[in-house]
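We have chain A already, so just place chain B on it with the hints.
Chain by chain, the residues:
2 protein chains.
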Amino acid sequence: MPDLLIQNISEIASPEGPGPLGGTAQGRVRRIPDAEILCRDGEIVYAGPAAERRARVGDLPGAERFDAGGGTVIPGFVDPHTHLPWAGSRELEFAQRLAGKTYMEIAAAGGGILSTVRATREATEEELAANVERRLDWMLACGTTTAEAKSGYGLSAADELKQLRAIRAAANEHAVDLVATLMAAHEIPPEYRDRRERYLDLICEEIVPAVAAQELASFSDVFCEEGVFTPAESRRVLIAGREHGLLPRLHADEFVDSGGAELAAELGALSADHLIAVSERGIEAMAAAGIIATLLPGTSFFLMKHTYAPARRMIEAGVPIALATDCNPGSSFTESMPMVIVLAVFELGLSIEEALTAATLNAACSLGLGQRIGSVESGKRADLLVLDAPNLLHLAYHFGINPVAAVIKNGRRVHPVARAGG
Amino acid sequence: MPDLLIQNISEIASPEGPGPLGGTAQGRVRRIPDAEILCRDGEIVYAGPAAERRARVGDLPGAERFDAGGGTVIPGFVDPHTHLPWAGSRELEFAQRLAGKTYMEIAAAGGGILSTVRATREATEEELAANVERRLDWMLACGTTTAEAKSGYGLSAADELKQLRAIRAAANEHAVDLVATLMAAHEIPPEYRDRRERYLDLICEEIVPAVAAQELASFSDVFCEEGVFTPAESRRVLIAGREHGLLPRLHADEFVDSGGAELAAELGALSADHLIAVSERGIEAMAAAGIIATLLPGTSFFLMKHTYAPARRMIEAGVPIALATDCNPGSSFTESMPMVIVLAVFELGLSIEEALTAATLNAACSLGLGQRIGSVESGKRADLLVLDAPNLLHLAYHFGINPVAAVIKNGRRVHPVARAGG
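From first to last, the protein sequence lines stand for chains A and B. For what it's worth, the working numbering labels the leading residue of the first sequence as 1, then goes sequentially. For what it's worth, the working numbering labels the leading residue of the second sequence as 1, then goes sequentially.
Keep in mind that the hints were calculated from the coordinates and are not lab data. Do not take every clue at face value.
[Unchecked claim] Sample of chain B residues lacking proximity to chain A, with all beta carbon distances greater than 12 Å (derived):
| no. | residue |
| --- | --- |
| 1 | Pro2 |
| 2 | Leu5 |
| 3 | Arg28 |
| 4 | Ala55 |
| 5 | Asp59 |
| 6 | Ala108 |
| 7 | Ala141 |
| 8 | Arg165 |
| 9 | Ala175 |
| 10 | Ala210 |
| 11 | Leu216 |
| 12 | Glu233 |
| 13 | Arg235 |
| 14 | Phe255 |
| 15 | Gly298 |
[To be verified] To give an idea of the chain A side of the interface with chain B (calculated C-beta under 10 Å), a few residues:
| no. | residue |
| --- | --- |
| 16 | Gly298 |
| 17 | Met304 |
| 18 | Glu335 |
| 19 | His394 |
| 20 | Gly400 |
In this text, a Cβ means the ideal position worked out from N, Cα and C, and glycines have one as well.
If we strip away everything but chain A, and leave its shape as in the complex, we get (with noise of 0.2 Å):
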């Protein structure tokens, strides 16, 4: 394919790793203004200032040309905490909720997630594909160029293997790349309540091996949660995961302090998510173990909460923070990166840099990509976003609305779709 000469770009706004292609930051910027950007074999081969574009790389003639009007380019969104295959719907729940019932009572009446695991085990795979390009292309319309997905929703051998193989299905039609996550610890199902012990055996013993078996995830996750997962439970399921080559992430302190934080930093995995309740031990763990913390400000503002994970506290002791949506269809009903970064500069108190770099460098490093993606820098994969904006600072300051007027995805044009002639 021809090289794309991105032109005409206000400025480039990319995070700094503290090396060469790769590892956390928290908050360091670069912009670059009056850059272009040249992109070949899917790759960036040179983002800077157009001026010194053509000394470097020489007049191009063959190269397809892209107009940024003007707008801001920064990386691709990358979300690395999804649960995307899901079939129904509860948004009666929702207004359930709003009109007073508590989630819990909400559950109690056999809604909650449980309703969610009837519709997806009764969803054919297909079904649950489709259902999660739909969600792609939300997400690809506001700037995610990777997302993770888990399971999660089917909580038996059979279900489990088909929601991760629906998120291949997806990814295999769509421009988004998806990371699966094999998260059978997300509940106790229905049949297993009086004998908890038997499902954790199931995980272990029979999905987890089938999952690696047939390459269906990379990760592994658990809610370590009051009244869900214990941290020994928890624990045991995430090294059976690693055994067989799931690195593990999990739901740690979402509604309370149960440990989870602690549990993470023990198990070294790749990022610990939620973080509500954290406690300092918890934040102090972390940090000492380099774990990353994905943060979830829509599970907060959708579940009217009003309480935020203790974000500037984490950042002070060295917590590398990344954002993430949640998409799910109980308490986090959004695929928008951009609505989670609004939400992160204004609830959680991060500057626009550091959300910048949560929802990208961040992100890829939590879901081991920090060297392929997640900044603007000569090297990394072709993974673009055109803003219509001035400059980073309208990423939050103009809210509300969606900025991303173009996407650029392993160097080629994906979103909005071209027009013949455009």
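Positioned in the frame of chain A, the structure of chain B alone reads:
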């Protein structure tokens, strides 16, 4: 022009006023499943069950057809409070605020509203009109079909009239309908700081008569707030406007209770806006006088006040609620009514039905347009949105994305722009 028949609508959701074609409502929404809508000469002539349509209006071989794709149709949004005609940009102040400076500190250092006044005075009418048009593009994409726009960054006779002419010029070029408001009493300009009575004389004796003579505005507005204009000053300005045919509305009780709500009731204003600090007495006065409360949750969000107007209390007291963006460069830079609706549901505590009513019919009533727009009813103007959503509840449930798939204005599709052959 040919009739337009909108088919394959999963549901129509429209506020229901107390009588035919008019009057505010409070969250009573009519939902019609499996519906069609017929538009003729820019008006709705049928909106109801698809099965009844053919019996009522026949086969319609000459009608243009639009497939809503199984989406939901609601009225076009009406945004009754914006400050669109400004020049300059204030993202640097925004970043300072994120770093800990207060709005008042920034204003004291020469930033804030007066920096926008300087830039707006320096801009030409054509530049301002171009800025308004660009903001109207965002509004239309987010589903706004009618908006109010205020002057108030000129603060001189020449510059206030320039702003109002820019509104008119932009409206002539754009699909979105604009209603103009004179708001010379937005702030005391620096050159009148030591003689504020003279500025009030200027407004009442020169600016108001000139605006009225040139028919440049329908409304007049005042920032009635401690440190800006007193209730007595506000009364003088609004009465001067009313004597020249400019109907009163006002910024009331945004930061502290300064009697703005009571003044709105006394003067029979079409709307009192902001009301974060409104008193119980003010609420009762508004309820007794039938004054619409226009709430601006984007402003609370953007200023990170974590304090929102007491919407539920006002609804209980019988005050009709409208919603608006307050789109402006200093305290709420968004054009998105979907974002405002999400904030209204999640932060003001409105039901989805109340938020829909507030963003359409009640907003139309606050502009004196309740007879013409704001609901999906035969006889009203065909200003309609097709949402990429199976039902109304998704308008808040599926948050952070732009749900507007298509906009119909005056019975014609205007967004997204139809492609050749599409």
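Hint-by-hint comparison with the structure:
1. With a minimum CB-CB distance of about 25 Å to chain A, Pro2(B) clears the 12 Å threshold, and the non-interface call stands.
2. The beta carbon of Leu5(B) is kept farther than 12 Å from every beta carbon of chain A, the shortest such distance being approximately 26 Å.
3. Distance to chain A confirms Arg28(B) as a non-interface residue, since its nearest Cβ pair spans about 15 Å, more than 12 Å.
4. Even its closest Cβ contact with chain A, about 32 Å, leaves Ala55(B) beyond 12 Å, as expected for a residue assigned away from the interface.
5. Non-interface status of Asp59(B) relative to chain A is upheld: no Cβ of that chain comes within 12 Å, the nearest being about 34 Å off.
6. Listed as outside the interface, Ala108(B) is consistent with that label: its C-beta sits roughly 21 Å from the nearest C-beta of chain A, beyond the 12 Å cut-off.
7. Under the 12 Å C-beta cut-off, the non-interface status given to Ala141(B) relative to chain A is violated; the minimum distance is some 8 Å.
8. Consistency note on Arg165(B): stated as away from chain A, and its beta-carbon is indeed over 12 Å from all of that chain's, at 26 Å minimum.
9. No Cβ of chain A approaches the Cβ of Ala175(B) within 12 Å, the least distance being about 18 Å, so the stated non-interface status holds.
10. The Cβ of Ala210(B) sits about 34 Å from the closest Cβ of chain A, beyond the 12 Å cut-off, so the non-interface label holds.
11. Every CB of chain A is more than 12 Å from the CB of Leu216(B) (nearest about 28 Å), matching its label as outside the interface.
12. Separation of Glu233(B) from chain A is adequate, the least Cβ-Cβ distance of about 32 Å exceeding the 12 Å criterion.
13. The Cβ of Arg235(B) sits about 34 Å from the closest Cβ of chain A, beyond the 12 Å cut-off, so the non-interface label holds.
14. At roughly 19 Å from the closest C-beta of chain A, the C-beta of Phe255(B) stays outside 12 Å, upholding its exclusion from the interface.
15. The beta carbon of Gly298(B) is not kept farther than 12 Å from every beta carbon of chain A, the shortest such distance being approximately 7 Å.
16. With 10 Å as the threshold, the beta carbon of Gly298(A) comes within range of chain B, its nearest partner Cβ sitting at about 7 Å, so the hint holds.
17. Because the beta carbon of Met304(A) sits about 6 Å from the nearest beta carbon in chain B, less than 10 Å, this interface hint is met.
18. A distance limit of 10 Å between C-beta atoms decides the matter here; for Glu335(A) the minimum to chain B is near 6 Å, and the interface restraint holds.
19. Residue-level restraint check for His394(A) holds (minimum Cβ-Cβ distance to chain B is 6 Å; threshold 10 Å).
20. Hint on Gly400(A) holds. Least Cβ distance to chain B is approximately 3 Å, under the 10 Å limit.
Checked against the numbered hints above, the structure violates hints 7, 15; every other hint is satisfied.
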